[in-house]
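Colleague: Chains as they are written, first to last, in the UniProt record's numbering: chain V, 1 to 214; chain X, 1 to 214.
Treat the hints with care, as some may be off.
According to the in silico footprint, chain V covers these stretches of chain X (three or more CB under 8 Å from chain V) [claimed, not checked]:
no.: 1; stretch: 15-23
no.: 2; stretch: 35-45
no.: 3; stretch: 66-79
Partial chain V-side listing against chain X, Cβ under 10 Å, derived [as the list claims (entries may be wrong)]:
no.: 4; residue: Ile13
no.: 5; residue: Glu19
no.: 6; residue: Thr49
no.: 7; residue: Gly89
no.: 8; residue: Arg122
no.: 9; residue: Ala144
no.: 10; residue: Asn200
The following label-pair restraints were derived from C-beta to C-beta distances [said to hold, decoys possible]:
no.: 11; chain 1: V; residue 1: Thr27; chain 2: X; residue 2: Glu24; range: 38 to 44 Å
no.: 12; chain 1: X; residue 1: Arg9; chain 2: V; residue 2: Glu117; range: 17 to 23 Å
no.: 13; chain 1: X; residue 1: Glu17; chain 2: V; residue 2: Gly31; range: 27 to 33 Å
no.: 14; chain 1: X; residue 1: Asn64; chain 2: V; residue 2: Glu71; range: 24 to 30 Å
no.: 15; chain 1: V; residue 1: Leu14; chain 2: X; residue 2: Gly76; range: 35 to 41 Å
If you're looking for bench data, these hints aren't it; they were derived computationally from the structure. The C-beta atom is built at its ideal place from N, Cα and C for all residues, glycine as well.
Number of protein chains: 2
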Amino acid sequence: MENKSEYSRIMDILPQEIEKKSFEIITEELGDIVLDKEKESIIKRVIHTTADFEYVKNLKFSDNAVETAMEAIRNGASIVTDTQMAKAGINKKKLAKFGGEVFNFMSDEDVAQIAKENGTTRAKACMDKAAELDKDLIFAIGNAPTALIRLYELIKDGKLNPKLIIGVPVGFVNVVSSKELIMEAGVPFIVAQGRKGGSNVAAAICNALIYMTE
Amino acid sequence: MENKSEYSRIMDILPQEIEKKSFEIITEELGDIVLDKEKESIIKRVIHTTADFEYVKNLKFSDNAVETAMEAIRNGASIVTDTQMAKAGINKKKLAKFGGEVFNFMSDEDVAQIAKENGTTRAKACMDKAAELDKDLIFAIGNAPTALIRLYELIKDGKLNPKLIIGVPVGFVNVVSSKELIMEAGVPFIVAQGRKGGSNVAAAICNALIYMTE
Numbered sequence: 001m002e003n004k005s006e007y008s009r010i011m012d013i014l015p016q017e018i019e020k021k022s023f024e025i026i027t028e029e030l031g032d033i034v035l036d037k038e039k040e041s042i043i044k045r046v047i048h049t050t051a052d053f054e055y056v057k058n059l060k061f062s063d064n065a066v067e068t069a070m071e072a073i074r075n076g077a078s079i080v081t082d083t084q085m086a087k088a089g090i091n092k093k094k095l096a097k098f099g100g101e102v103f104n105f106m107s108d109e110d111v112a113q114i115a116k117e118n119g120t121t122r123a124k125a126c127m128d129k130a131a132e133l134d135k136d137l138i139f140a141i142g143n144a145p146t147a148l149i150r151l152y153e154l155i156k157d158g159k160l161n162p163k164l165i166i167g168v169p170v171g172f173v174n175v176v177s178s179k180e181l182i183m184e185a186g187v188p189f190i191v192a193q194g195r196k197g198g199s200n201v202a203a204a205i206c207n208a209l210i211y212m213t214e
Numbered sequence: 001m002e003n004k005s006e007y008s009r010i011m012d013i014l015p016q017e018i019e020k021k022s023f024e025i026i027t028e029e030l031g032d033i034v035l036d037k038e039k040e041s042i043i044k045r046v047i048h049t050t051a052d053f054e055y056v057k058n059l060k061f062s063d064n065a066v067e068t069a070m071e072a073i074r075n076g077a078s079i080v081t082d083t084q085m086a087k088a089g090i091n092k093k094k095l096a097k098f099g100g101e102v103f104n105f106m107s108d109e110d111v112a113q114i115a116k117e118n119g120t121t122r123a124k125a126c127m128d129k130a131a132e133l134d135k136d137l138i139f140a141i142g143n144a145p146t147a148l149i150r151l152y153e154l155i156k157d158g159k160l161n162p163k164l165i166i167g168v169p170v171g172f173v174n175v176v177s178s179k180e181l182i183m184e185a186g187v188p189f190i191v192a193q194g195r196k197g198g199s200n201v202a203a204a205i206c207n208a209l210i211y212m213t214e
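Same shape as in the complex, but just chain V (with noise of 0.2 Å):
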């Protein structure tokens, strides 16, 4: 192995170096690219978890998204995610510093049981279940589009008040229309336009809020 030493080099170095680093990087190849304040973490977090420039692009924010969820954190506020991966993704440690915790009913029974019941999914069921927590709320949605439109149907039913849906849905199907949809929920959000996001994109963003309010 002719390069040993330069492999053996690497292997000093430490998580927090390389995501410096990282985040340099980044820095550097977005040029001359600025980005708002508020939402610079957040973009380049979702970068470095992706390589993927082009949620500069489709990162879209309402406004004080980003002030509002901070502060929420800031006061306890709990995440709610539709997979187990996104809640298998964010820094619970740091969140429950703050008082919050996360949530995920994906593998429920009694919401597999409901779902099979009414015919629907259980991302739907999920977030039922969510709506009836007595907490403040963020919601982490990197895979169902059924969560985004059973949120915005609660929100408009004046059963859920939301501090932020994080809507970064990934697909080919329902995705994009979902994503449109919640944008007018009249409730601070998130969301990665187009087909693109994900589970992991859910949880960077996620983590980026909770390192930022730290």
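Knowing the structure of chain V, use the given hints to seat chain X on it.
Modeller: Below, chain X alone, put in the same frame as chain V:
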């Protein structure tokens, strides 16, 4: 809500129908691009997970990688991931039908301790711990270049002989070189060349392999 009936209709479409339709759209948009039969399901599932057609070009397979991995899964091979996110995204129920399980050691106390003592990454310590498992193993690396580098070292030292390495870390520092290195390790691989990848991509490749084996 003028489109209420349209959105209600969307709510009644079940996930498996959406997945089917998504794959049809992906096939349609691939147009004249012909994918190797054995790679097709994997490439399409990664596009399904990311909405990113760049993976058509990015994904590299060693000869017989898919065949070897499917045989390993059929014989009860287990999967080791470098993130809890990747573990969360893998269909553990279906893997268990063949006798395999999914391991992730990132949160283990002994791993944190060893990494701290040696001033290196937990990802490296995780790979060392995985190498001690007396099982057939597939490694799904979506995050840490140091995990790939350590796997290369373990293989070259004769301490590990994995059935497949899925090398898809995402990022800007050491990522590309770690992927180039693992392709020279002499073991079956599926690698996402370049900066892109992620825990979601790692999980999608595992799931494609599991579903194909079914």
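Colleague: Each hint: holds or not?
Modeller: Consistency of the hints with the structure:
For a cut-off of 8 Å, the count of residues in the stretch 15-23 of chain X with a CB near a CB of chain V stands at 4, and the three-residue condition holds. For the stretch 35-45 of chain X, the proposed coverage by chain V is not satisfied: 0 residues have a C-beta within less than 8 Å of a C-beta in that chain, short of the threshold of three. Here's how the stretch 66-79 of chain X fares: 0 of its residues keep a CB closer than 8 Å to some CB of chain V, so the rule of at least three is not met and the hint is violated. Using the Cβ-Cβ criterion of 10 Å, the hint placing Ile13 of chain V at the interface with chain X is satisfied: the shortest such distance is roughly 8 Å.
With 10 Å as the threshold, the beta carbon of Glu19 of chain V comes within range of chain X, its nearest partner Cβ sitting at about 9 Å, so the hint holds. Because the beta carbon of Thr49 of chain V sits about 7 Å from the nearest beta carbon in chain X, less than 10 Å, this interface hint is met. With a cut of 10 Å, the hint placing Gly89 of chain V at the interface with chain X holds, because the nearest CB-to-CB distance is about 4 Å. The restraint placing Arg122 of chain V at the interface with chain X holds, with a minimum CB-CB distance near 8 Å, inside the 10 Å limit.
Interface hint at Ala144 of chain V: satisfied, since its Cβ lies 8 Å from the closest Cβ of chain X, which is below the 10 Å cut-off. Proximity of Asn200 of chain V to chain X holds as hinted, the smallest CB-CB distance being about 5 Å (cut-off 10 Å). Range check, Thr27 of chain V to Glu24 of chain X: about 40 Å between beta-carbon atoms, so the 38 to 44 Å window is met. Separation of Arg9 of chain X from Glu117 of chain V is about 19 Å and conforms to the stated range, judged on CB atoms against 17 to 23 Å.
At about 43 Å, the CB distance of Glu17 of chain X to Gly31 of chain V disagrees with the hint of 27 to 33 Å. Against the hinted window of 24 to 30 Å, the Cβ-Cβ separation of Asn64 of chain X and Glu71 of chain V comes to about 55 Å, which falls outside the hint. Range check, Leu14 of chain V to Gly76 of chain X: about 36 Å between beta-carbon atoms, so the 35 to 41 Å window is met.
Going through the hint list in order, the structure does not satisfy hints 2, 3, 13 and 14.
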